[in-house]
Amino acid sequence: MKRTVFGGRLLPWLLLAPQLLITMVFFLWPAGQAVRQSFLREDAFGLSTNFVGLANYRALFRSEEYLNSLQVTVVFSIAVAVLSMGLSLLLAVAADRVVRTARVYTTLLVWPYAVAPAVAGIMWWFIFNPTIGILPYLLNGVGYDWNHSLRPSDAMILVVVAASWKQISYNFLFFLAGLQAIPASLREAAAIDGAGPFKRFWTITFPLLAPTTFFLLVVNIVYTMFDTFGIIHATTEGGPNQATNILIYKVYEDGFLELDLGSSAAQSVILMALVITMTMIQFRWIERRVEY
Amino acid sequence: MVEHRPFLNVLTHVVLILGVAVVTFPVYLALIASTHPSTAFSSGVIPLLPGNQAGANYAAMMGQGISSSGAPPLGLMMTNSLIMALVIALGKIAISITSAFAIVYFRFPFRQLAFWIIFITLMLPVEVRIVPTFEVVADLGMLNSYAGLTVPLIASATATFLFRQVFLTIPDELMEAARIDGAGPMKFFRDILIPLSRTNMAALFVILFIYGWNQYLWPLLVTTDARYYTVVAGIKRMADVADAVPQWNYVMTAVVLAMLPPVLVVIAMQRLFVKGLIEAEK
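Chains as they are written, first to last, in UniProt numbering: chain A, 1 to 292; chain B, 1 to 282.
It should be emphasised that the hints constitute simulated quantities derived from the structure, not laboratory data. Beta carbons are placed, not taken as given, at the ideal position from N, Cα and C, and that holds for glycine. Each hint should be verified, as a subset may be incorrect.
Unchecked claim - Chain A is nowhere near these chain B residues, computed Cβ spacing over 10 Å in every case:
no., residue
1, PRO26
2, ALA56
3, GLN64
4, PRO125
5, VAL136
6, ASN144
7, ALA239
To be verified - Here are the computed distance ranges between Cβ atoms for each label pair:
no., chain 1, residue 1, chain 2, residue 2, range
8, A, THR49, B, ASP240, 30 to 36 Å
9, A, SER185, B, ILE267, 32 to 38 Å
10, A, PRO183, B, ILE267, 49 to 55 Å
Make the full structure from the sequences, and use the hints.
What follows is the structure, encoded as structure tokens:
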């Protein structure tokens, strides 16, 4: 809070006008429309609309496809969070150990942040291409016939790898910052008491990293739920047999391809509730971190 | 560091080198693929060593694109992406810094409400409410235009919070001194606040430029006219064809060109990038 402020009633509103206008027209209005449409049912030609109450929501939670999509999203999020955070933590611990060359390694590890999810997806799609890809060729050598356009588990592995690859740099930077914030004296004291490097990691470093880990967990879940549309759309398109149809892809598919507006709107509302929950958790965490 | 353990030191470097190798691997293959003729991808396994068609592939993609997949020349698509990224990044910074200035340095009715309205945008990503947002843009006649590509994405709670944070740390004395010297609000804003937040603006610009360049779903929906295609959204159209007709050399050329500008920005401005990334999460 500022002690002194400028006078004037009109000027602050003029300064806020562009942001508020865009927010209302392109954020709040569409969000309101989504809520409204989620209670309506429109026929495929848009000729008539009826108020149907919660029918769209009830239909969703009875639809096997939607429940499957929910489950796929949970599996996808957890797999990406575990894989990407695990690798990043390992790399961050290593980079924290090498004092002199840490900067070089950091430069070499952070740039994938700048690669678009769709572009990352296409690159892994190419690597995993069943006919000419390098990984299916190697897998064939050990007797595994890779085919992500037929086998659901292969498709899931493909999108998990692409999504994790892109997220490594982000997790790495935050883990490294977290590690560097831990006072060296703690680890030195433990070393004097005879604790080896692995014991030190599990009893000192890892518990002290807990706030960073929790923060990254939330960020990674938000990322896999809402920012990986490009990966899915550019590669598997939700297939084969719905195996990679995550919630965010399904909203698009039902809204734009199936033109089922009521259902798509209800899905939008559910997703908004999810984002709001995640954001609240994130903010709570930031408040607590200050005391930590 | 704490004690001398030669084995662990070697292991540390091995882990890091393997990590760098894994991270670089897909991009290496894309680069290699972009230097071969299309015949290299009809059978067998993808090439692992450079070919000699790099010049031809890049010239073809920049100048002509792939007409069979409805892809215009990449030169055009990259220009569109550049316009989109710059307008989004600069637009977000401009409207956020003025909003933060209003919220921090003025007292007016409904100030809290304005703050909350901006805050809510954080919770409503475009992907989540995609159909109604598309309808609004269509109703406003903004499909197939640069305005349609950029304006709906310009509001930014994150940037507003960041500038609010910065302004709150600026000592009150500066403003009092400016007022005694007779400076009005806009002069104070221009001559004191903007210069003081220059580093934050630069750090934010790096993050927002990447955000704008990498937009995918939105350009895919609002552009049906090839003149407005952006490069990241355009790649999908080419890749669809590559599965049937082996054109992987062209697709990978496009992949390399699509990631080159944002990757160069990160590498060239690493310090600002890290600063922006960490600040944006606060």
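Results of checking the hints against the structure:
1. PRO26: At about 4 Å from chain A, PRO26/B fails to clear the 10 Å cut-off, so the statement is violated.
2. ALA56: holds (20 Å)
3. GLN64: holds (20 Å)
4. PRO125: violated (5 Å)
5. VAL136: The claim breaks: VAL136/B does not keep its Cβ more than 10 Å from every Cβ of chain A (closest is about 5 Å).
6. ASN144: holds (16 Å)
7. ALA239: ALA239/B not clear of chain A: closest Cβ-Cβ about 5 Å, inside 10 Å.
8. THR49/A / ASP240/B: 30 to 36 Å: holds (35 Å)
9. SER185/A / ILE267/B: 32 to 38 Å: Distance hint for SER185/A, ILE267/B holds at roughly 35 Å.
10. PRO183/A / ILE267/B: 49 to 55 Å: violated (31 Å)
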